[in-house]
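Assemble chain C onto chain X, guided by the hints.
Going line by line, the protein sequences match chains X and C. Everything in the first sequence is counted per the working numbering, starting at 85 for the first residue and increasing by one. Everything in the second sequence is counted per the working numbering, starting at 24 for the first residue and increasing by one.
Keep in mind the hints are simulated off the structure, nothing from the lab. Predicted model, so just to flag it, every value in this text is computed and none were measured. Ideal Cβ placement from N, Cα and C applies to all residues, glycine included. Certain hints may be false.
Which residues of chain X face chain C? A partial, calculated answer using Cβ under 8 Å [said to hold, decoys possible]:
id : residue
1  : MET199
2  : VAL228
3  : ASN231
4  : PHE379
5  : VAL393
6  : LEU397
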Amino acid sequence: MSVLVYTENWDGQFKKLSFELISYASEVAKSYNTNVVALSIGNVDEAELSKLSQYGADKVLNLSNAAYTEFNAEYYAKAISEAAKSEHAQVTIFANNITTRAIAPRVTIKLDAGMVSGCVAAPESIEPFVVSKKAFSGKAFARVKINKDNKVLSLNQNAFGIKENVKAANIVSFECALETSKAKVVEVSKNSGKMSVLDAEILVSGGRGLKKPENFKLLEEASDILGSVATVACTKPVADLEWRPHSEHVGQTGKVVAPNLYIAVGISGAIQHLAGITSSKVIVAINTDKDAPIFEASDYGVVGDALEVMPKLNEALKAFKANS
Amino acid sequence: MKILVCISHVPDTTAKIAFVDNNKSYNKEGQQFIIGPNEELALTRAIDIKEAKGGNITALTVGSAEVEPTLRKALAMGADDAIRVNMDPKDAFNVSKQIAEVAKANQYDVILTGREAIDYNGGQVGEMIAEWLIYPSVSGVNDMDLEPGKAILKREIDGGYEKIECDFPLIITGQKGIAAEPKIPAMRGIMMARKKPLIVVEPVQSDNATEVLEHSLPASKASCKMVSADDMNELVRLLHEEAKVI
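Extracted from the complex, chain X is given alone in its bound form (with noise of 0.2 Å):
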């Protein structure tokens, strides 16, 4: 038995969520009292997949098999699910991103599992299986039993935190044989550097209170103070107006977001747009209209026009960054 653990890697690194993904396995197997596998696909280094072991990994798979190099729905989800099956996983473990939904509901299905997405919190019990999932876009949660042997959970990202458990982790090789697929990616165009909305622990997002988008470059000087961590954001109309990329666009029907710290800016706060933000451990607003509903899903608030407020938050966030 076991539990084993997808960990995506983006150009051969793992990323936080990655660790956070073994360090959730970790309290799952406790629970069941058994061991956990991770399972790497692509072109990891040896040193890089034995940072796995930090967080709680038992034993490393590695499919480094070139063809897999490449990302394809097909290709990955038959690797995962024989893994499951040697390794006899009672619980499959992904996160809840772009790419894994394309693979954890076959991966499910090929396992005749049941599967419970956007969970954020480890099973309460494992006899039933029950686990606490975000629904509603954010709005609500569900406690979901699972009524199959075999269990697919794919977890939010930064619902459970990283927990170090260091283990002495087996570097194992894994292959798989080769499926063929009619979907091909004949074209890939990637703006490296710039880091996602979804990664970044603090996102300056703005809404129409900005009222042009040359102003975005007050938000873009408070992200470049903040450091590499920080990264802009905003709502829906602001996409649609196509003052921002539409990959910057947080709530219901964008992004779903939970950084350290959500600074909205000029965003009065439509249910639809913090569906998307509910998640976030702090969240500051600051708004014409002291009575936005933004600052009723706030921690901290500033009454004021964001074109006076923000270049006094640069030069006070300036002043800070220059003294630690």
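Just chain C now, kept in the frame of chain X:
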């Protein structure tokens, strides 16, 4: 081109959520139900392609009779016919199995779903259908074109996009961007929708792999601490010393 668009029947995005029956069920009283926003955009794009290049669009929902107005709206937007699988949708495993059975019987070239339904945010049904049918799939698509026998798609990836080509048949899960704005049914479409076929099929035997035991609402935030707009040093101090996030 035979296209199946699977749509969810979900509470409006502006809905306030409440629960009944010891928090076991969602309170539908007084709620407006809509076609899920992801599927509405996917359907819009499919209709645009059909109108330009020909084909047939079937809209499908798994649900009891209460979902029929949602299917009628899909017909009013421009779908040619509709199928309702007569089952209360409780679990993606079961729902995907039902849709896969319909698809096997009708042999569609393209099956479209949304990225996720906005009620339980599972994001599972589309890829599960693909696995039941052993079809290729492309998920999270925000740009779609269909040519005879082939789909040309773009999907967002970390920090960029990838362009994918795939021969029919395939499953596509669509999201924001696949169409700019959802199509609004015209009066003529609404009139025609009444006469378009809506077939009810009974579910095949399958089990629910999961069940919701209980719901809860997030704890409301403690009151918001207000800081003067003239004292941003104080805000920075609070974020550093009290909240410890910078």
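We went through each hint and held it up to the structure:
| no. | hint | in the structure |
| --- | --- | --- |
| 1 | MET199 | holds (6 Å) |
| 2 | VAL228 | holds (5 Å) |
| 3 | ASN231 | holds (6 Å) |
| 4 | PHE379 | holds (5 Å) |
| 5 | VAL393 | holds (5 Å) |
| 6 | LEU397 | holds (4 Å) |
Comparing the model with each numbered hint stated earlier shows that all of them hold.
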